[in-house]
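**Q** Here the protein sequences come in this chain order: A and B.
Sequential numbering from 1 applies to the first sequence in my numbering.
Sequential numbering from 1 applies to the second sequence in my numbering.
Source of the hints: derived by calculation from the structure; they are not laboratory data.
Heads up, the beta-carbon is just placed ideally off N, CA and C, and yes, glycines get one too.
Hints should not be assumed to be uniformly reliable.
The following label-pair restraints were derived from C-beta to C-beta distances [unchecked claim]:
id: 1; chain 1: B; residue 1: 306; chain 2: A; residue 2: 326; range: 33 to 41 Å
id: 2; chain 1: A; residue 1: 2; chain 2: B; residue 2: 208; range: 42 to 50 Å
id: 3; chain 1: B; residue 1: 181; chain 2: A; residue 2: 155; range: 53 to 61 Å
id: 4; chain 1: A; residue 1: 290; chain 2: B; residue 2: 292; range: 16 to 24 Å
id: 5; chain 1: B; residue 1: 306; chain 2: A; residue 2: 335; range: 49 to 57 Å
2 protein chains.
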Amino acid sequence: MKIVDLATTPAFLVEEERVRANCERMRAKAAASRVRFRPHVKTHKTLEVGLMQGGGEPGPITVSTLAEAELFAAHEFRDITYAVPIAPEKLYRAAALASTIDALNIIVDSTDALEAIETFWSSRAVVFDLFLKIDCGYHRAGVDPDDPKSLELALRIAGSPAIRFRGLLTHAGHSYNAASREEIVRIAREESAAVTRFRDLLAARGVNGMIRSVGSTPTLSVVERIDSADEIRPGNYVFYDAFQAAIGACSLADCAVSVLTTIVGSYPDRNQLVVDAGALALSKDSGPTHIDPSFGYGVVCDLDLVPLSLKITALSQEHGKIDVTAGSARDHPVGKRLRIIPNHSCLTAAMFDRYHVLRYGAIADEWRPARGW
Amino acid sequence: MKIVDLATTPAFLVEEERVRANCERMRAKAAASRVRFRPHVKTHKTLEVGLMQGGGEPGPITVSTLAEAELFAAHEFRDITYAVPIAPEKLYRAAALASTIDALNIIVDSTDALEAIETFWSSRAVVFDLFLKIDCGYHRAGVDPDDPKSLELALRIAGSPAIRFRGLLTHAGHSYNAASREEIVRIAREESAAVTRFRDLLAARGVNGMIRSVGSTPTLSVVERIDSADEIRPGNYVFYDAFQAAIGACSLADCAVSVLTTIVGSYPDRNQLVVDAGALALSKDSGPTHIDPSFGYGVVCDLDLVPLSLKITALSQEHGKIDVTAGSARDHPVGKRLRIIPNHSCLTAAMFDRYHVLRYGAIADEWRPARGW
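Same shape as in the complex, but just chain A:
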């Protein structure tokens, strides 16, 4: 089916060849760097892309929800890291899942969470595989690697019968605040340095074999080679998006997803348009406003993904409001279709129950992502 024949907009389009190229490039980089590749599936949440990430195999993966973990575990993915600090109530579900696969690695960053796991273990005798979350400067979650209390917690984990202590995990989420590749490269160095420094502290106390797990799409996209890490966990790279292009992590031509939309209002007097992709299709992520405060809600393109002089200035639930920044609204009549490269593909993908997959320009497949928690 051709794009123009798709009856319902908004629709989520995936350029399969671009996804495949993005997957291969990152996998090759991991292989050349001799690090374990444990890609994140949170951006796409589909078995199809999960297999592409593994080069056709159900390899080690990272997930952001237990719902994702359960979907992939049911389809031969046997080594899964749940990379959000676990809520104590979720230990029951995590334990049930862990018993069906080789490893479900969970993460903690506090004595409270550790004690919840130990309490659970004391009644159920389930031993979890565990990573200690390290804060490498993002200051969202994780322990400060330079705080003596963090070493204390790590040593306590190392000695806990409730746990198989696998390693140290960090995420340089602050790389998203960068405005250039140079800045991202600097953050990438800090990311690896934080876990390496802490690993060495632990080794000095006799705790060896710690896996250093790092990963954010910006940092892993810009470095030529991954040094000072044992495992990487990029996720967004499979699709990329307008944000990643703006900060220099990819080019617009690497962006593999777009929202197909139809113009439902064209107003030459104020040189504006309204499209049928609103906040429920695009998400309200405001994009790289640290680089361009009026970036707009995505990059508006024609059907061949060539950017147009159109800026999405506002989103309500089912309306996207567009300023025509060059030319006339008369060039964009009611009924014409546009494709919008989203600001944040992870959030936009999650708005859709199905993806329309483009192969050589035609819609050739339909993928269904995991949903909910």
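Since chain A is already given, all that's left is putting chain B on it; use the hints.
**A** Quick look at chain B alone, frame taken from chain A:
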């Protein structure tokens, strides 16, 4: 089941008694004002609340997607207005739906759209019920009521054999930019005045019987009585939210929905928390930033919906980052649960496939909203 026994967070909680009270209040206002009540279902997208809006009956409704229209039409709702300018490709689906109920009212605001409908009619002989969309100052969609071209379009619609011309529809979406009840009252007057003025212009040209359909939750919440309109279409009022409370359209005690979340990180050193409700649970609506630029992503409350001194400063996909603005992070340990009144209930509700319904403090039911387009 008690809230604390709910195994999975984030979860979407609905206080049924508050929804019922919100529904009754607005319905009573419509009845007292002797206007037709055609509430919008886009906020909740559930049959249960749709019936509450109609006082137990499947009354006239407004929808934002054909998917909503199809769900409600399949359950005895026989008079539906699809209040987004229709994309030409959607006419086939709309016609199929229209043939199963009493009326599917569609809206247009351009000659292009009108011509698409006439072309469709010429081959299929389907006559649509139609409202002309009027711009009352929001400048999203709609024709300018003071532009002579708008009257020309209206007269052409009135004479078209492809259409049953039902009336004039407007939406004062700019009431959301208000910062006080007084300002909202002024906008409400402009909203009614715009359609009344245009109706009178049409009457002077011999086009009579035009229904004046108005409606936004802010305007309809603050006015005592609806004057100068024949039909109202509020939607958000069923749930309300932190935004509506901030602009004075409701109180926080009227807000009927919240996201239940669990603290998964507590960091006394920087007095911050991380919860398991991120952008995919709350949506990234930044709230009433025109009133408070650092409003935060929702109002964080305890389990009894009493607001706490906690501000959500950032959202990533599955993490909400919270600043403790008074007191210590030690008062909020890992595992503790919080309830977040969302900034924009329409967008937050749409993130969930099921709602957990609270009746007298206990989870007593589960509702499933329509999804997609």
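**Q** Hints first: check each against the structure and report whether it holds.
**A** Here is how each hint holds up against the structure:
One distance hint, 33 to 41 Å for the beta-carbon pair residue 306/B and residue 326/A, is violated here, with the actual separation near 52 Å. For the pair residue 2/A and residue 208/B, the supplied restraint of 42 to 50 Å holds, since their beta-carbon distance comes to about 46 Å. Roughly 59 Å separates the CB atoms of residue 181/B and residue 155/A, a value that falls within the hinted 53 to 61 Å. Hint check: residue 290/A to residue 292/B, Cβ distance near 21 Å, so the stated range 16 to 24 Å holds.
The hinted range of 49 to 57 Å is satisfied by residue 306/B and residue 335/A, whose Cβ atoms lie roughly 51 Å apart.
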